[in-house]
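J.: Let's have the full structure, built from the sequences with the hints guiding it.
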Amino acid sequence: MRYKSSDIKDIILRFTLLFALCSVVIWLPFIIQGKTFVWNVDGISQHIPALIFFRKWLLEILGSIFSGNPDIPMWSYSLGEGSDVIDTLHYYCIGDPLCLIVLLFPEKFMGTCYTLLSVIRMYLAGIAFISFAREIRPKASAVAFICGGLVYSLSNWALYCAVRHSFFLNPLILLPLMLLGIEKIGKGKKPYLFIVMTALSAVASVYFFYMIVIMSIIYAVIRYPKIKKLLVMLASGIAGCFIGAVILLPQALFLMNDGRSGDKGGAVLFYDIMHYLKIPGGFAAGSSSEYLLMGFGAFGVIAVISLLIRPKNRKLKLFLGLTMFFMIFPVLGSIMNGFSYATNRWSFALTLLVSLMVFVVWDPFIDEIKDKFMKTMVIFSIYSIVVLVISIATADASLVTVQIVMGYLLLMLAKKTAGSVVFGDGKLAALIVMINLVINGLIPNTVLGGDRTKDFLSNDLINLAMETSDSAAIAKLDKADSSYPLRYTGPYLIENTSAVFDVYSTQYYWSQTNGAVTSARRALAIPEYRDYYYTGYDSRAGLSYLAGVKYYVVPADKKDVLKAPAGYKDPVTQDGYVIYTTDNAAPFASFFTEPLSEERWNELSITQRQDVLMTNIILDHEDLGNNIRSDAVKLKKDTVDLNSDGQTVLPLDVDCPCDGELYVVMKGFEYEGDQSRADISVSGKGVSYYTKDFNWYNGKSDFAVCLGTVGSGLRKPKITFTTPGTYRISEVTVELIPETAILDKAQTLIERSSCITDVKVRGDRVTFNISSDKDGYVLLQIPYSAGWKATCDRTDCEVLKADVMYSGLKVSSGSHKIELRYRTPGFIAGALISLISVLVLIAVAIVVKKLSSKKTKKVGTDSDAKIMIAVASHKPYDMPEGDIYQPVLAGASVSEVFLPEGWRADNTGDNISKLNPYYCELTAYYWAVRNAAPDVSYIGLVHYRRLFGKKKTGPVTEEELKSCLPDAKIFVPRPRNYFIDDLGSHYAHTLDGSHLEAVRSALRKVSPDYVSFWDKILKDKDGYMFNMNIMERSYATEYLDWLMKVLEEVCKKIAPSGLSEFERRFPGRLSELLFNCWLEREVAIGKIGPDSIVELDYYSPEKVDWPKKIKAFLEARFLGKKYHKSF
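Residues 0 to 1126 in numbering that gives the first Met the number 0 are what the sequence shown lists, from first letter to last.
A hint or two may mislead.
Said to hold, decoys possible - Ranges between beta-carbon positions, derived for each pair:
id, residue 1, residue 2, range
1, Lys1086, Val843, 32 to 38 Å
2, Ala555, Leu831, 48 to 54 Å
3, Lys186, Thr445, 44 to 50 Å
4, Lys759, Glu797, 20 to 26 Å
5, Lys633, Leu831, 52 to 58 Å
6, Lys633, Glu797, 33 to 39 Å
7, Tyr528, Glu797, 32 to 38 Å
8, Asp1040, Val843, 42 to 48 Å
9, Gly62, Val330, 48 to 54 Å
10, Ile216, Ala251, 16 to 22 Å
11, Arg1003, Val846, 51 to 57 Å
12, Glu1114, Pro1089, 32 to 38 Å
13, Ile1109, Asp909, 36 to 42 Å
Said to hold, decoys possible - Simulated crosslink set (BS3-like; lysine-lysine; CA at most 25 Å straight-line):
id, residue 1, residue 2
14, Lys968, Lys189
15, Lys633, Lys717
16, Lys684, Lys717
17, Lys475, Lys568
Since the hints were derived computationally from the structure, they do not count as laboratory data. All C-beta atoms in this analysis are idealised placements derived from N, C-alpha and C, irrespective of residue type, glycine included.
T.: And the structure:
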């Protein structure tokens, strides 16, 4: 048994087929060209490396399990200079169960895997939407479910994110299921779905979980404002967070120190004017701004219009108003983005809202189009004029124009086909919706819309990019000493390929980054694109040495213009790269005896800060030494206050006293102009300054640009201000660090660190020995994280933050064995919380089920729950056993059949037995309802050849029925689906179609409120047939009264004279349809709750001649051959 709903299997099957068809057409240009969804920007630089790394990581975990030593590697030196695996890659894949499919794909087909992930996510989004919509309106038409699901799964958000950031599709799946959980709690059901979805959302994507939680709170407060229900939701949400703590807790701890938190975005009140101008047209055609991704097609616009002109759905209108408000102000986009830069990545919620509006208004729109056509047309025309004017003015009219034309076509066809037997249920309108969704998706992939495919890669190109990367070249080198990471750097490193080849570089481009690394790079004023996107150390020799950089890599075609830093020599060519090597790289663990406080270090000039790192270890303490030996010198100092036309040059000629690294240092950089980003060139090296109006504003105003190693004598560095505007720089200096000082300090550090031996680095475990006659500090080339724990001679010792970004240890003189181990901060605690929470939830569920079972047994013995099911038969027959079954001889007044023992005749008491030749089994039902004993609570009807239950187990039992009480009020047979026919056309094909209009006429006279529901159920492909039901007595009485009144009026309009015995039974057959009409209306007005209707299986105790039945059905459907007897 299951609760009543639309025929979900049929809906999902049809949605699946239509989604597949639309998807093939939309992505056809990709398919023809052999392209994947891997974008040539973030796709190849982030998503593919993440998936390949994730695959290797999973295989390593599985290998450890099968070897009997289970382990989860939590640190990797191939993610930048070293990063937490879970914290870094959770944003992309770790925690998302769908990403486990990477195990099914070899690395060379990872592009295909990524593409498949996008398609799967889009499809699941549609299924999630349909599931949510079923809870909102379970008896909506199948077309409404399918169109809503297609608008949702093929929205611009879905299509855009599918090829840009596939995991951005996850909230499309998670949000509707979260809201479905809220709906269930709001309706008094169990909270398990909400708990599970909260946990899954937290585990799959903490970034979007934050937004989903906000959206869920808004939805819950508006939809179910009662405090009691909100408290249940709050408690359930907390339980879900506890279950998801295995990922949620580590991510929360990591994000508090995320280096990207510097991207605070601009403090502006409004977006640029173009943002607002794009909104009206973007609603239909998908033009977007600041991730405000819409593109809901023509019917998306019409659905909003239809909703607004209807007096109902006030809460939907309120939700729409809130989303409009969110579009206006950047500060709200910033709040939704975790108080970072302003973006409308929350707009996946708008996609759900508009798709829900399409679903909600679909059936009323189709039914009422004739009445509301003119008003809808006028408003749509006003919208069209506004959008066309804006689009023409902004040279973006092509796709919008197509959608407007499709909108007019949809309105005209919907009006033209209203009431049509073939198209009156909205099939043709649905086809138009599909076509304009396909147009929205297809055109951007063709030359008509900019040919998006040119920005995407095939598997061959992806593999070529990896195989020809600097990481691939480095991986082929013969690295004799591999006991600890040997890093490489360079000015043009390919993003994140080190994660693919398990080599170690200074390059990093992952969305979440270590805050300690960010702080150090800012303190050293390294000019770079983003805090989370950097290549190396600006070719600074000293910093490269300190980071343990053994190799300096330059593309072979740039070797003549890109000189290696001091000390890097002996170039070799490998696969298109020139690789320089140095003997000056510091060992993985270095020894220092001169500590310097971070406060004192920050007082130094930028070049001095860099220089002293080779001699002093920087620690976050105030009571350390003050022994500073820096050889950095200032050669020139100036200030800048000028207006640039884009070509203004500031010469900075200096006389260098010796060979060394030359720097141009700018402090207190300011810019005023028309642009939010100012670009300058320092002797050919680009630097970008972001104003507070820039979306990714990071607050940087100091820059130190390394111009490489220069010889002594006159040098002519210069600054070119390429962005027009006013520039002010409080201090510009030209500084030099002598080359000999850099090299000498590097060698001294190496010699001083010779006391450290047997260094072994294995991912999240580091061991080494140290033997020194002095107290001191060990600097480790491990970016600092609280997850590192250390022991010295098996005694715990503190891991210090050293040099702002690295890890350090304080050691006493003598010989010691040091060991460090890493565990993701919060992971163990989170895992324990998750495990305990799951066990508690299971225990609670078991207890609740047992208590519920006891309650059910108690209800089963309650005399108030007495059930009587009349089994109608016109002849003696083996009847089902059980106290609930009462055999009734139907048509006893016109029958000569002997009444078997235990049977009742339908001609006793209040009865209509003489009408049996017309009303069929309804005479038995009438008798049962009118004459049942007073203590009978539920009254039902079955036929001797059709019973509730299953053929293998027999008729439904009293215990099975009572297990659904008291929630269940009405039991019905599972819907019968005619697939290629709807209920109305099936009746017209098999019997006499004029009967349907006779019923409509009768309803207009005696029950006009039911006419629209009669029209609706005739368009359904499935229904509750056979006059089988079990209802609470009050409902049974009400239904019978109504039915008799309607049939009496129908019989006045259809003369029985001239009809055969079979044909005279039309009242009984029409009653099957009338039951659906009555039930549809009672549910719609809220008199009967959808959850109080239970569907039961049914069967025939006799053998069914299915070939004969199917043959008769097809002959009636396609050959016009009417039924002349029962089958």
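J.: All hints are to be evaluated individually against the structure, with a verdict given for each.
T.: Against the structure, the hints:
Distance hint check: the CB atoms of Lys1086 and Val843 are about 34 Å apart, consistent with the given range 32 to 38 Å. Between Ala555 and Leu831 the beta carbons are some 53 Å apart, a value that agrees with the proposed interval 48 to 54 Å. For Lys186 paired with Thr445, a C-beta distance near 46 Å keeps the hint of 44 to 50 Å intact. Evaluation of the 20 to 26 Å hint for Lys759 and Glu797 yields a pass: the beta carbon distance comes to about 22 Å.
As the Cβ distance of Lys633 to Leu831 is approximately 56 Å, the hint placing it in 52 to 58 Å holds. A beta carbon spacing of about 38 Å between Lys633 and Glu797 agrees with the range 33 to 39 Å that was offered as a hint. Against the hinted window of 32 to 38 Å, the Cβ-Cβ separation of Tyr528 and Glu797 comes to about 35 Å, which satisfies the hint. The hinted window of 42 to 48 Å between Asp1040 and Val843 holds, with their beta carbons roughly 45 Å apart.
Separation of Gly62 from Val330 is about 49 Å and conforms to the stated range, judged on CB atoms against 48 to 54 Å. Range check, Ile216 to Ala251: Cβ separation about 18 Å, and the 16 to 22 Å hint holds. At about 54 Å, the CB distance of Arg1003 to Val846 agrees with the hint of 51 to 57 Å. Range check, Glu1114 to Pro1089: Cβ separation about 36 Å, and the 32 to 38 Å hint holds.
For the hinted restraint 36 to 42 Å between Ile1109 and Asp909, the CB-CB distance of approximately 41 Å keeps it satisfied. Distance hint between Lys968 and Lys189 is fulfilled; the C-alpha atoms sit about 19 Å from each other, no more than 25 Å. For the proposed pair Lys633 and Lys717, the alpha carbon gap of about 16 Å is at most 25 Å, so the pair holds. Our distance criterion of 25 Å between C-alpha atoms is met by Lys684 and Lys717, whose separation comes to about 10 Å.
Taking the CA atoms of Lys475 and Lys568, the gap is about 19 Å. The hint holds against a cut of 25 Å.
The structure meets every hint from the earlier list without exception.
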